[in-house]
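**Student:** Okay, here's what each chain looks like letter by letter:
Protein chains: 2
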Amino acid sequence: MKISVYIATSLDGFIARSNGNLDWLAGSSSDVAETPVSNTSDSSSSGAPEDYGFWEFFNSIDTMVMGRGTFEFVASTGQWVYEGKRVIVLSSTMSSHDVPSNLVGKVEILSMEPADLAEKLADEGAEHVYVDGGITIQRFLHAGLIDELTLTRAPVLLGTGIPLFGELDADVHLRHVETKSFESGFLQSTYVVER
Amino acid sequence: MKISVYIATSLDGFIARSNGNLDWLAGSSSDVAETPVSNTSDSSSSGAPEDYGFWEFFNSIDTMVMGRGTFEFVASTGQWVYEGKRVIVLSSTMSSHDVPSNLVGKVEILSMEPADLAEKLADEGAEHVYVDGGITIQRFLHAGLIDELTLTRAPVLLGTGIPLFGELDADVHLRHVETKSFESGFLQSTYVVER
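Chains as they are written, first to last, in my numbering: chain A, 1367 to 1561; chain B, 1367 to 1561.
Keep in mind that the hints are not guaranteed to be accurate.
Identical chains blur together in the list; that is why a pair holds if it fits in one copy or across any two.
Stated by the list, open to error - Straight-line alpha carbon distances no greater than 20 Å define the calculated SDA-like cross-link-like pairs of lysine to any residue that follow:
1) Lys1486 - Glu1544
2) Lys1546 - Val1558
3) Lys1546 - Thr1556
4) Lys1451 - Ser1550
It is worth saying that the hints were derived from the structure and are not from the lab.
Only a predicted model underlies this, so the values are computations on that prediction, with no experimental measurement involved.
Chain A extracted, bound-state conformation (with noise of 0.2 Å):
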């Protein structure tokens, strides 16, 4: 099993101001969560929006991860992307009561420990998990679970923010596998961590 981060941030390294607006990424407020970068003013030939590779790697993972404020983003914006997927909202403030009607059978809220859910998703069978938020990504990481690292970034500074990384226990060194560029400046690094 697989573990991914697949996300943008500022130059300076925040996913988003501190009151959660993406207005930086694109210029536009309808984004959802800090997933699908798109940067529409940068189309390709087909004058289809830039997607930046999101959607293939989305059709690659089976589950997904976030916390409750990631979860709360995206249902606040009315819109449900992650239909055909698995997903855990891990929080251990939130019940299935939080759950807004529309989403019922969508989500499972659990609380447990990132290593003890890495271990159940995959003795259910999970191949290829996708992680995102601020707080969920930081918790895995700090513990050793993620294998592979997409970091989308735009050409600002913010200067405040929530912040991409926290603190760890030790230094992670990563394998960078490539980097795409883009006319709109935004810049696409994959790296692998290593073990």
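Take the given structure of chain A and dock chain B to it, following the hints.
**Tutor:** What follows is chain B alone, placed relative to chain A:
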């Protein structure tokens, strides 16, 4: 006059460990400050250590501005690689008495706002200024005085340390110029600050 930053960071945005240590850059403690990113394990075909374009950049500048922290680190190495450049130490707490005897006459200690220093340097004929050190870079970015940033990212997460970027009054928009990928996994991106 152009003002540039050329600096290496970890993937999580630190220019040094909290104690100033740069071991994560090259597996060696002999690096001079954070400037020459001399990862000697990644030699070019000529057998010379990879300098990540540092000396080409360095040869293009005439003036160097650093803060007290970077100056004291550089002075402690016993090496002085800035021969032939005008070197300003921007500090409100240092006096000429704090300059080690071997460096007297090689540096000017000035205490002023970045904008005033930039005006002074331009008046005195500087053409390309290299601003170095975390706090000094932050002060110049905050004052809107940086024209170009070359960031070399090491493929490692440190979790904690001295951050490159700090708070800003407003977003700083950048234009991505180019990115170079090195076999060591280091990734070097150049950005121009948009006004």
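**Student:** Have a look at Lys1486 and Glu1544 and pick one of within, between, both or neither, based on CA distance no larger than 20 Å.
**Tutor:** neither (31 Å within a copy, 43 Å between copies)
**Student:** Under a CA distance limit of 20 Å, which applies to Lys1546 and Val1558: within one copy, between copies, both, or neither?
**Tutor:** both (15 Å within a copy, 19 Å between copies)
**Student:** Which holds for Lys1546 with Thr1556 at a C-alpha limit of 20 Å: within a copy, between copies, both or neither?
**Tutor:** both (9 Å within a copy, 14 Å between copies)
**Student:** Between copies, within a copy, both or neither: which fits Lys1451 and Ser1550 at Cα up to 20 Å?
**Tutor:** neither (30 Å within a copy, 36 Å between copies)
Hint violations for this structure: numbers 1 and 4, all remaining hints satisfied.
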